[in-house]
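A.B. asks: Dock chains E and S against chain Z, hints included.
Chains as they are written, first to last, in the numbering used here: chain Z, 41 to 330; chain E, 294 to 658; chain S, 4 to 415.
No lab work stands behind these hints, which were simulated from the structure alone. Certain hints may be false.
[Said to hold, decoys possible] Calculated cross-link-like contacts (lysine to aspartate or glutamate; reagent style EDC-like; alpha-carbon spacing at most 20 Å):
#, chain 1, residue 1, chain 2, residue 2
1, Z, LYS326, Z, ASP274
2, E, LYS654, E, ASP350
3, E, LYS436, Z, ASP274
4, S, LYS369, S, GLU383
5, E, LYS436, Z, ASP223
6, E, LYS436, E, GLU534
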Amino acid sequence: MEFFPASFSIFYQFGNAFAFLVISCAGLAVIFGMMGIINLAHGEFIMCGAYVTASTARAGLPLPLAIACGALTAALVGMVLERTVIRHLYHRPLDSIIATWGISLIATQAVLILLGPSMSGTGTPLGSTLVGERSYSIYRLVLFASAVGLLGGLYLLFYRTRFGVIARATIQRPEMARALGVDTRRVYGLTFGLGAGLAGLAGGLYAPTMTMVPTMGATFIVESFVTVVVGGADIFLGAAPAAAILAVIKAALTAWYGQLFGQIGLLVAVIVVIRVMPGGLSAFIKRWQR
Amino acid sequence: MNPIELPDASEAPARRGLKLWLSRLEGPQTMGRGPAFWAVVVLAVLAALSYPAFANDYVVGNAAYFFVWTFMAMGLGVVWGYCGALSFGQTAFFGLAGYAYGVITINIGSAFGATWLALLLAVALGGVFALLIGYFMFYGRIKGVFVGIVTLSVTLVLETFMAQTAGPQWRIGDARLNGFNGMSGMPPLTVPWPGGDIMLYSGTALYYVLLGMVVLCYLGLRMLLNAPFGNVLVAIRENPERAEMLGYDIRLYQMLAFGLGGALAGLSGALYTAWGQYITPSSMGLTAAALPIVWVAVGGRRDITATLLGCLLVIAGFQSLTIYGSQYALVVMGALLVFTVLVTPDGLVFTAINRMGRLFKRVRR
Amino acid sequence: MKKNPNRHLMAAMLAGTCIAGLPAMAQDGPIKIGVLEDQSGDFAAATNVKVHAIELATKEINDAGGIDGRPIELVIYDTQSDNRRYQEFMRRVLQQDQVDVVFAGFSSASREAYRPIVNQFDGLAFYNNQYEGGVCDANMIVTGAVPEQQFSTLIPWMMEEYGPNVYTLAADYNFGQISAEWVRQIVDEQGGTMVGEEFIPLGVSQFSQTIQNIQESDADFVVTLLVGAAQASYYEQANASNVDLPMASSVNVGQGYEHKRFTPPSLSQMHVTTNYIEEIDTPASNDFVERFRAMFPDEPYINQEAANSYIGINLYKQMVERAGSTDHDEIRAVLGEGDVCFDGPSGNVCLDPQSQHMSHTIYLAKVEEDHSISFPEVWENIEPYWLGDAGCDLTQNDPSAQYTPSNPPPAQ
Chain Z
41 MEFFPASFSI FYQFGNAFAF LVISCAGLAV IFGMMGIINL AHGEFIMCGA
91 YVTASTARAG LPLPLAIACG ALTAALVGMV LERTVIRHLY HRPLDSIIAT
141 WGISLIATQA VLILLGPSMS GTGTPLGSTL VGERSYSIYR LVLFASAVGL
191 LGGLYLLFYR TRFGVIARAT IQRPEMARAL GVDTRRVYGL TFGLGAGLAG
241 LAGGLYAPTM TMVPTMGATF IVESFVTVVV GGADIFLGAA PAAAILAVIK
291 AALTAWYGQL FGQIGLLVAV IVVIRVMPGG LSAFIKRWQR
Chain E
294 MNPIELPDAS EAPARRGLKL WLSRLEGPQT MGRGPAFWAV VVLAVLAALS
344 YPAFANDYVV GNAAYFFVWT FMAMGLGVVW GYCGALSFGQ TAFFGLAGYA
394 YGVITINIGS AFGATWLALL LAVALGGVFA LLIGYFMFYG RIKGVFVGIV
444 TLSVTLVLET FMAQTAGPQW RIGDARLNGF NGMSGMPPLT VPWPGGDIML
494 YSGTALYYVL LGMVVLCYLG LRMLLNAPFG NVLVAIRENP ERAEMLGYDI
544 RLYQMLAFGL GGALAGLSGA LYTAWGQYIT PSSMGLTAAA LPIVWVAVGG
594 RRDITATLLG CLLVIAGFQS LTIYGSQYAL VVMGALLVFT VLVTPDGLVF
644 TAINRMGRLF KRVRR
Chain S
4 MKKNPNRHLM AAMLAGTCIA GLPAMAQDGP IKIGVLEDQS GDFAAATNVK
54 VHAIELATKE INDAGGIDGR PIELVIYDTQ SDNRRYQEFM RRVLQQDQVD
104 VVFAGFSSAS REAYRPIVNQ FDGLAFYNNQ YEGGVCDANM IVTGAVPEQQ
154 FSTLIPWMME EYGPNVYTLA ADYNFGQISA EWVRQIVDEQ GGTMVGEEFI
204 PLGVSQFSQT IQNIQESDAD FVVTLLVGAA QASYYEQANA SNVDLPMASS
254 VNVGQGYEHK RFTPPSLSQM HVTTNYIEEI DTPASNDFVE RFRAMFPDEP
304 YINQEAANSY IGINLYKQMV ERAGSTDHDE IRAVLGEGDV CFDGPSGNVC
354 LDPQSQHMSH TIYLAKVEED HSISFPEVWE NIEPYWLGDA GCDLTQNDPS
404 AQYTPSNPPP AQ
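The shape of chain Z in the complex, shown without the other chains (with noise of 0.2 Å):
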């Protein structure tokens, strides 16, 4: 039957795109979406947790069990980096831009330093299928997987428990938190450490498919920026269906023309949404429900 098979390719590589773009800016969403920090440090995040995966996997821990290593880790490096430096930050977007450019230099060089210009990964896990004449890789449906239960996990964290409520209402209205007996210093700091646990967990789930090296963060950077951008504030509706529209239109031009028309497009896309909807896809969401 050749209509299974092609539409599986189809959704595959839409299904790669969205997974790709989703588990890599669901950090950066959080972060900026709630606090107004634009973290350009993001991408080490994504080197700390990928590179501290790739490690204890080759110590022997299963990977699920290692993943979970490398997200935490980020996440405390993460709450550090919030009492220390964040902390002064808050809804100053642009001095956050320069403040987290400067870790970033200093986190790439320090791993350079210290550990060397590479490190050795682990295998991608689960080997193949084969659907159709093609084999797919089955860690890739994995990924895809994750995305879209991290985007539950999320909605479920955010708005089920009384956490998510707290952490809300702190970004929301902090004075009247304040004023209601939330401790918002707590309340952000774990909030930045999620952000940046989210980031560690993207990077353990993509280290087994790349190159390791001090600079990887970069290769994620610039597309969880803009799909963060594009998406606005809020994650649900802003970020996931931002990422949607954007993979779809990666991959179609992808696939029609090749990976350079992919990228550009990508790109221009951006503007073009950007230009369209002002304040981001969340915003004219939301000014639609009305």
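C.D. replies: Positioned in the frame of chain Z, the structure of chains E and S alone reads:
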């Protein structure tokens, strides 16, 4: 634009023409006024003029290289510091003008002052392109961090596109764009002279030319920023809605400021190409795009003097760090950025000048 | 790599800078060699070892008395994988430090950035990297391998071994596009078919569509010309999708030692033509590796660029001693004699007077399932023939240009 008469602080009689513009060298938007300040400026220029007598040709050429970048920093200072729009894509105009200079001079040569024409055209191209992007953004009511994203996307699109123009079909006239490897073979700025053209390679002659340009540009920007145009820009930065309610079309002003910033970035680009006879797409990439922001942030974006001095300081400092600090150079640079943001968010140079100014005031009393 | 082994040479560099301030150039002082390499940034993985190779050669030569009795002094700068640093430091090293020769450059962009400056000061620069070929410039001596040396050996062998249908995957810039052009030409000459050609922008790391395209085609083997850490992710992803096709490359393994860095079996069935890798099992190579590891025990890998840099220093020594001076015209006159050769880690290599490039012994390295290396074939003394054939003759004139197969030297 009708010249709006600003009430002069000292209530002197209204001035016209040249006197009006000269009076704008000092004003509320720029730091430094009074004879003491201008004495320091004159001393600095004299020191710069006599510098080649004390330093060898390499050091002077290196200083000329630093001057090349100051225009881009000043342009970003206008757009970001005075108008409040963080443009992440100044390198797009830099690269465009650089390539334009290369293409034009490779095609028409360097005789009879053609390189200067090419320089002018390249700057104009940068400015026009910036006006277009500015129109697209500001008339579309894009603001805040979105300006940064759009401009970043523009410069990355240009970089990605130019990096793959390696094939022989990518040529404009005689000039092959040559993709990622970069375009070379263009002549430096050439002064037509009876008896033999003077080629301004990196060296003392180029140093003087660039010094003159920097001084002119600096003074010109001071005058412009203290004029009503500059006042409106600052008003837009502080509170755009209020500025609009006062009747100013903020989109026009933002677009014009952005065009000016783009033209200045283009000037840097063309001069860089003329200085090194080389231009490459990586000068429009992510790292290159972040550098002007670093210079302006560390120097101080709210004031053109601080931006200029800060840019020179940071570029020279980073180069020295790279030469003498080897691997740790990048770590120190990162630490410097974090330090600046946390301790002196208005910029190192800006804060320093402010403190010195206050010190002098106290001394005078 | 922990401590910075350049520290003792940094002192030499500072001393050299002070000495350079002296007005007169002491003809009998040390011979100064400038080294401009990317010791940090994107390219650091493959270039730190070049600096070490230069340091090894310098130490050996100095221990044996130097060049004509004059010791070598290294002036080393870290160019941070940034083209602008190449411009700044090339100017510095030629004007201020006033070195006699410069060993510089990794990426072709960096070479093109500094070439105008070398020409302006009439300096002499060694470019020790493989690249896309075509530099016809009297101020440059190129020890790196060029496409005619790597592809004219690799592609016919692969086609004979695996079949005539070829799919090319190349980085979308000069090196990748020109190499792909060479592959196309040779496949054509050999009677094969190009079943696909894909160009990937630098920095792209996701290849699912590409992998699908390859699987849909009838390729017998894939020529991968991927550059940079991001693009190298292809191998892992192709392995995970079980593409299972032999691969051919001129650029992986020999430069970035991917077979050591990636988990098996992602690079298995990779065939690379390189002029040197540390696995080569000849007495000369083993001796070189032993001496290298004695001086740098933590070196991750000794690649072809390291060997080229080592050979370059020794060739320079030979030319200076034969010319009796460091003057560039006299050195080039010696080069013009046509017999400047050196017996080094990769065998006997010679400089070609017409193009100032180097002949190479080309080793075909095959990566096995467990990432060990075997050498099914070795070609001796492959000349860099293309530039000379196309019309570049540096003994006659100096166009200072870079040519490509579709943009050859103008007919004389």
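A.B. asks: Against the structure shown, which of the earlier numbered hints fail to hold, in ascending order?
C.D. replies: 2 and 5
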